[in-house]
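**Student:** For this one, chain A is given, so just place chain B on it according to the hints.
The chain contents come next:
Protein chains: 2
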Amino acid sequence: MKDLQPYYAVIFTSKHAQEEVEAYSEMAQLMEDLASEQEGFLGMDSARNEIGITVSYWASLEAITRWKQHAEHQIAQQKGRNDWYRWYHVRICKVEREYDFNR
Amino acid sequence: MKDLQPYYAVIFTSKHAQEEVEAYSEMAQLMEDLASEQEGFLGMDSARNEIGITVSYWASLEAITRWKQHAEHQIAQQKGRNDWYRWYHVRICKVEREYDFNR
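So the sequences go chain by chain: A and B.
According to my numbering, the first sequence is numbered sequentially starting from 1.
According to my numbering, the second sequence is numbered sequentially starting from 1.
Rather than coming from a laboratory, the hints here were simulated on the basis of the structure.
All values derive from a computational prediction rather than experimental measurement.
Hints are supplied without guarantee of correctness; some may be wrong.
Given that identical chains are not distinguished, each listed pair holds provided it fits within a single copy or across any two copies.
Restricting the straight-line Cα-Cα distance to at most 25 Å, the calculated cross-link-like pairs of lysine to any residue (SDA-like) are [as the list claims (entries may be wrong)]: (1) Lys79 <-> Asp100; (2) Lys68 <-> Tyr99; (3) Lys94 <-> Thr65; (4) Lys79 <-> Met27; (5) Lys94 <-> Ala17; (6) Lys94 <-> Ser25; (7) Lys68 <-> Pro6; (8) Lys68 <-> Arg103; (9) Lys15 <-> Glu62; (10) Lys94 <-> Met27; (11) Lys79 <-> Val10; (12) Lys79 <-> Pro6; (13) Lys15 <-> Phe101; (14) Lys94 <-> Thr13; (15) Lys94 <-> Gln38; (16) Lys94 <-> Asp83; (17) Lys94 <-> Asn82; (18) Lys68 <-> Glu39; (19) Lys79 <-> Tyr99; (20) Lys79 <-> Glu98; (21) Lys94 <-> Trp84; (22) Lys79 <-> Arg103; (23) Lys79 <-> Asn102; (24) Lys94 <-> Ala23; (25) Lys94 <-> Phe41; (26) Lys79 <-> Leu30.
Extracted from the complex, chain A is given alone in its bound form (with noise of 0.2 Å):
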């Protein structure tokens, strides 16, 4: 993504109120499916263990904005705050410089 900066990293960390149900495996295929769709959309990594971590990249604020606002992303982080999560953290991050290695 080095040619398109500046770009912004949505970091989000979250635990578990409960074991992870399958429902929530739904929506979170769903939101990943439905935010690579969106304006502005550069890419996504996710892992989870104790925590779960899933960094966005986005081409600016107003996109990410916008994704946050999204009707139908609206109603999963409600039903996230319901039901899903004991907590989560949002960073939004402004990427100011990267570096790779390959082998």
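**Tutor:** Quick look at chain B alone, frame taken from chain A:
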């Protein structure tokens, strides 16, 4: 960390070249302990499935540079490139805003 703004996040995403080995786990723990003793270190989150994501938080870009150049960390980085990682990606980011949910 809201009262400490502005601060920085280092997003480290990686793919292992092989199944996780004990030597890697030991080194990762050692580096986490060592990082947490550095001036300007604010916290760290990690998760791993197919890929690993580690996000560390720092008070300044200078603190990030010092940690990158730390002698023991340099050895770990070299070992990572030689033995452990198929690829990794480092993004240095400024946290622009954040919010939480807690039940």
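**Student:** All the hints need checking, so say for each whether the structure fits it.
**Tutor:** Checked hints:
Taking the shortest Cα distances, Lys79 and Asp100 sit within 25 Å of each other only across copies (15 Å), while inside one copy they are farther apart (36 Å). With identical chains, the CA atoms of Lys68 and Tyr99 are at most 25 Å apart between copies only, with a shortest distance of 12 Å across copies and 28 Å within one. In this assembly of identical chains, Lys94 and Thr65 lie within 25 Å of each other by CA distance both inside one copy and across copies; the values are 14 Å within and 18 Å between. For the identical chains of this complex, Lys79 and Met27 are intra-copy neighbours only, at 9 Å inside a copy versus 39 Å across copies, given an alpha-carbon limit of 25 Å.
Taking the shortest Cα distances, Lys94 and Ala17 never come within 25 Å of each other, neither inside one copy (30 Å) nor across copies (29 Å). In this assembly of identical chains, Lys94 and Ser25 lie within 25 Å of each other by CA distance neither inside one copy nor across copies; the values are 29 Å within and 30 Å between. For the identical chains of this complex, Lys68 and Pro6 are neighbours both inside a copy (20 Å) and across copies (23 Å), given an alpha-carbon limit of 25 Å. Proximity of Lys68 to Arg103 under the C-alpha cut-off of 25 Å is restricted to the inter-copy arrangement: shortest distance 20 Å between copies versus 36 Å within a copy.
For the homomeric pair Lys15 and Glu62, neither the shortest alpha-carbon distance inside one copy (27 Å) nor that between copies (31 Å) is at most 25 Å. In this assembly of identical chains, the alpha carbons of Lys94 and Met27 never lie at most 25 Å apart, being 27 Å within a copy and 30 Å across copies at closest. Proximity of Lys79 to Val10 under the C-alpha cut-off of 25 Å is restricted to the intra-copy arrangement: shortest distance 20 Å within a copy versus 30 Å between copies. Taking identical chains as interchangeable, the C-alpha atoms of Lys79 and Pro6 are never at most 25 Å apart, the minima being 32 Å within one chain and 31 Å between chains.
Only between protomers do Lys15 and Phe101 lie at most 25 Å apart by alpha-carbon distance; the minimum there is 10 Å, versus 30 Å within a single protomer. For the identical chains of this complex, Lys94 and Thr13 are neighbours both inside a copy (17 Å) and across copies (17 Å), given an alpha-carbon limit of 25 Å. Both within a single protomer and between protomers do Lys94 and Gln38 lie at most 25 Å apart by alpha-carbon distance, with minima of 19 Å and 23 Å respectively. Proximity of Lys94 to Asp83 under the C-alpha cut-off of 25 Å is found in neither arrangement, the shortest distances being 31 Å within a copy and 31 Å between copies.
Taking CA atoms no more than 25 Å apart as the test, Lys94 paired with Asn82 passes in neither setting, with 30 Å inside one copy and 30 Å between copies. Taking CA atoms no more than 25 Å apart as the test, Lys68 paired with Glu39 passes inside one copy only; the shortest distance there is 13 Å, against 35 Å between copies. Within a single copy, Lys79 and Tyr99 get their C-alpha atoms only as close as 36 Å, which misses the 25 Å cut-off; across copies the closest is 17 Å, which meets it. In this homomeric assembly, Lys79 and Glu98 come within 25 Å of each other (Cα to Cα) only across copies, at 20 Å, whereas the closest approach inside a single copy is 34 Å.
Neither within a single protomer nor between protomers do Lys94 and Trp84 lie at most 25 Å apart by alpha-carbon distance, with minima of 28 Å and 29 Å respectively. When the C-alpha separation of Lys79 and Arg103 is checked against a cutoff of 25 Å, the pair qualifies only between copies, where the shortest distance is 13 Å, while the shortest distance within a copy is 41 Å. Taking CA atoms no more than 25 Å apart as the test, Lys79 paired with Asn102 passes between copies only; the shortest distance there is 14 Å, against 39 Å inside one copy. Proximity of Lys94 and Ala23 under a CA criterion of 25 Å is satisfied in neither setting, with 32 Å inside one chain copy and 34 Å between copies.
Taking the shortest alpha-carbon separations for Lys94 and Phe41, both the intra-copy value of 14 Å and the inter-copy value of 19 Å come in at or below 25 Å. For the homomeric pair Lys79 and Leu30, the shortest alpha-carbon distance inside one copy (13 Å) is at most 25 Å, but the shortest distance between copies (38 Å) is not.
Violated hints for the displayed structure, listed by number in ascending order: 5, 6, 9, 10, 12, 16, 17, 21 and 24.
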